[in-house]
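S.K.: What follows is each chain in one-letter form.
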Amino acid sequence: MRGAPRLGCAFIPGLSLQALLRERPDLDPAAPIGVYPAEEPSARARLSAVNRAAAALGLHAGLGLPRARAIGPGAVLAPCTPAARELLFARARAAAETVAPAVEPGPAGVLYADLSDVRSLYGGEHGAAAALQAALRRAGIEGWIGVAGSRIAARAAARHGRGIEEVPEGQDRTFLAPLPLALLDASEEVRATWVRWGLATVGDFALLPRDGVGARLGPEGVRLHRIAGGEEVEPWQPGRPAEDVVESVELEWGVAQVEPLLFALRAPLDRLLARLSTSGLACGGMSFGFTLDPRGLWSREVEVAAPTREVRPLLGLVRWALTKEPPPAPVTGIRVAMAAARAPSAQLRLFGLPEAPPELLGTTLARIEALAGPGRSGAPVLSDTHFPGDESARLSRFAPPPPPDAGERVAPRGRTAAFRLFRPPRPVEVLVARGRPAALQGASLRGRVIDCAGPWTVAAAQVERAARALDCYDVALADGGTYRLVFDRLAGRWQVEGEYD
Amino acid sequence: MAARPLPIDALPAGALVSPTELAGRWPRTLASGLPALDGLLGGGFPEGRITELRGERGGRTTLAFRVAAGLSREGRLVAVVDGPDAFDARAAEAVGVDLRRLLWVRPPPPRAAGAADALVRSGLFALVLLDLPRAPLPAPADWVRLARLAETHRTALVTIGAPPGRGPGFCATVALSLRHARTHWLGRGPGRLLAGFSAQVELVHDKRGRPPGAVRLHFRAPEPFPEAPREDSPDVHGHGRKGPPERPWERADGRCGGGLGPGPLRGSEAGGLP
Chain A
2 MRGAPRLGCA
12 FIPGLSLQAL
22 LRERPDLDPA
32 APIGVYPAEE
42 PSARARLSAV
52 NRAAAALGLH
62 AGLGLPRARA
72 IGPGAVLAPC
82 TPAARELLFA
92 RARAAAETVA
102 PAVEPGPAGV
112 LYADLSDVRS
122 LYGGEHGAAA
132 ALQAALRRAG
142 IEGWIGVAGS
152 RIAARAAARH
162 GRGIEEVPEG
172 QDRTFLAPLP
182 LALLDASEEV
192 RATWVRWGLA
202 TVGDFALLPR
212 DGVGARLGPE
222 GVRLHRIAGG
232 EEVEPWQPGR
242 PAEDVVESVE
252 LEWGVAQVEP
262 LLFALRAPLD
272 RLLARLSTSG
282 LACGGMSFGF
292 TLDPRGLWSR
302 EVEVAAPTRE
312 VRPLLGLVRW
322 ALTKEPPPAP
332 VTGIRVAMAA
342 ARAPSAQLRL
352 FGLPEAPPEL
362 LGTTLARIEA
372 LAGPGRSGAP
382 VLSDTHFPGD
392 ESARLSRFAP
402 PPPPDAGERV
412 APRGRTAAFR
422 LFRPPRPVEV
432 LVARGRPAAL
442 QGASLRGRVI
452 DCAGPWTVAA
462 AQVERAARAL
472 DCYDVALADG
482 GTYRLVFDRL
492 AGRWQVEGEY
502 D
Chain B
1169 MAARPLPIDA
1179 LPAGALVSPT
1189 ELAGRWPRTL
1199 ASGLPALDGL
1209 LGGGFPEGRI
1219 TELRGERGGR
1229 TTLAFRVAAG
1239 LSREGRLVAV
1249 VDGPDAFDAR
1259 AAEAVGVDLR
1269 RLLWVRPPPP
1279 RAAGAADALV
1289 RSGLFALVLL
1299 DLPRAPLPAP
1309 ADWVRLARLA
1319 ETHRTALVTI
1329 GAPPGRGPGF
1339 CATVALSLRH
1349 ARTHWLGRGP
1359 GRLLAGFSAQ
1369 VELVHDKRGR
1379 PPGAVRLHFR
1389 APEPFPEAPR
1399 EDSPDVHGHG
1409 RKGPPERPWE
1419 RADGRCGGGL
1429 GPGPLRGSEA
1439 GGLP
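Here the protein sequences come in this chain order: A and B. Count along the first sequence from 1, then add 1; that gives the number in our numbering. Count along the second sequence from 1, then add 1168; that gives the number in our numbering.
A hint or two may mislead.
[Claimed, not checked] Computed footprint of chain B on chain A, listed as stretches where at least three residues anywhere in the stretch have a Cβ under 8 Å from a Cβ of chain B:
no., stretch
1, 11 to 25
2, 288 to 300
3, 348 to 362
4, 493 to 502
[To be verified] Examples of chain A residues toward chain B, derived with CB under 7 Å:
no., residue
5, 53
6, 175
7, 178
8, 312
[Said to hold, decoys possible] Simulated restraints on C-beta separations:
no., chain 1, residue 1, chain 2, residue 2, range
9, B, 1316, A, 470, 33 to 43 Å
10, A, 405, B, 1316, 29 to 39 Å
11, A, 430, B, 1303, 45 to 55 Å
12, A, 290, B, 1182, 55 to 65 Å
13, A, 489, B, 1277, 23 to 33 Å
14, A, 281, B, 1182, 34 to 44 Å
15, B, 1210, A, 402, 44 to 54 Å
16, A, 278, B, 1277, 32 to 42 Å
17, B, 1316, A, 493, 29 to 39 Å
Keep in mind that the hints were calculated from the coordinates and are not lab data. As the structure is a computational prediction, the values presented were derived from the model and not from experiment. Note that beta-carbon positions come from the ideal geometry of N, C-alpha and C, so glycine has one too.
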């Protein structure tokens, strides 16, 4: 039996400060540090977090930047980018997912994890909460954990416990009662009403009759009243594991060459693959955002033939992409997003040949694509056309079916000869005698036509393409080869499509 | 004179090999389905070794495709490294290759050997067909490495297109030289058809100890308008329209006529071509 739902809340105190320290390892954590959002102009920016040393100087969150400089001239006041905050939060989420499969992101710096089903794995609620905290710590993130029956109580327990705090089952209302009303996310209008009514704590509000609250405050009042009573009003939306994982790199000076960029990309790609591997996922594609010097952004998408967890083929693909189209200006920062893809699993077989190991196949295809270039490898698929030449087949993703059960060697029957295409077809000049090719001459092919068959005509008028009409001949030349010679009636030119071999 | 007993204890380590291990060391064969050629090769192309098909034409691609067809129909994976960009998927399918199990790689010419290396190294493919570009060709050290990889991963590596003296040479276990012998036609006058061609295949060397020899092979021309798969076809008229393809060269009585494309090839299956 599942029992009452129990939610764990992981609160990351000073999210922007932790993100900054992670992004700038040169900063001394013991020195006074204040963080402000990089997206705000520095004249109007306010501190979003400070460490203990800075707090001892009198700095605190919400302080304007000029005033903070005046109060603590020795403090380091540094900006924190949204990308760094997102990155830290994504890491925290990935760490939480290693403990509980159902994790829901909450407001900034808050994650909820459903511990109902996994607490027995860790020896109870406290064990699960400790495992959650340890997972965050392993990821280099300081987190406070609270466990309760509702989100609001779990969040309050996490924020106020500053470690691990559990609210006993069925005691959410009692736990919330003495806490200030600011805990509830209410609109300005409702807050003003609470002040007029003289309410100060969640318990004060919860004691009011719900009908009366609904009559005076409307649906929002009823919702807040239920939350104050320790009820859940929003459905649990754990969501799927993270679709994309993101890493960022800031470069000290602008880099314009491809190889130094690849060197800088190696570390974030390694980290991204490690993060995906912890969830049993692989890389299914990459997108890059390059910050250009002096300003501007340039983005690039790189497709991967099959999910892989190896960094070398991925670097090869990036090399292809950047060599083909280099960044238009020196790069000062790189943001890499890796799409998560499920590595296909193989079905073991009792009879017949084993299937190709999917991970090895994916890695090999990625390696081949890095060597041959994007879109230059795959399984050939025949097109629905009788036109000879290049358009008779196209490449598709190589996903071989499992081998048949009765794996026995089957030698091919018949004696059909193969054909080799010339890509592109070789243009030739043809001497026609009595309506038939008598000799041909081109850049790499020339000779007297010894014998000839044809013509047979292929003609098509298609909606999307230009009309075509070809007269095809099989010709044997004096050099011993047998070729397919084609006359394009509409273009009025001769060309050799290929050779029988 | 009494035979002296074999001093087994005095033999160096590894000198004695069990029959089972010896059988494992001896390469298995991949049949081409052409009895004359398979007889010449003692069963077919060697597995886990390099086979070099020399010559400018004369059925090199056909022979490689035939081995690929047998393996892919069995359920094993095959790969084509298409250095000169000459692979014709329709021809491969006509020979019998299961295209779903064929990986077609179209590398830039300098990377053809590297692509073959990666494919053989993966150990996933039973056959890698390395169609060499005109330039640049793999260095001798590359051939040594490829031969060792092929043996380790039991992958048959078949090379075609190498100019004389620039191919795998003695890294190849089997070297065949192919030469176009004769083109065969069906009928006379304006309605004549390409029936096929004959090729002279010579076994140049075989490290397995097969004696040199030669055979003559006959191949028939593919149908110019085989039934194509029907998929998102635009409005096509003539031979490319939807529905069964029109074959004006086939009369109701099954005999060839009309002058468009080849008809049944008399006597070719029995090797009865002149």
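S.K.: Would you list, in rising numerical order, the hints stated earlier that this structure does not obey?
M.R.: 1, 2, 5, 6, 7, 8, 9, 11, 15 and 17
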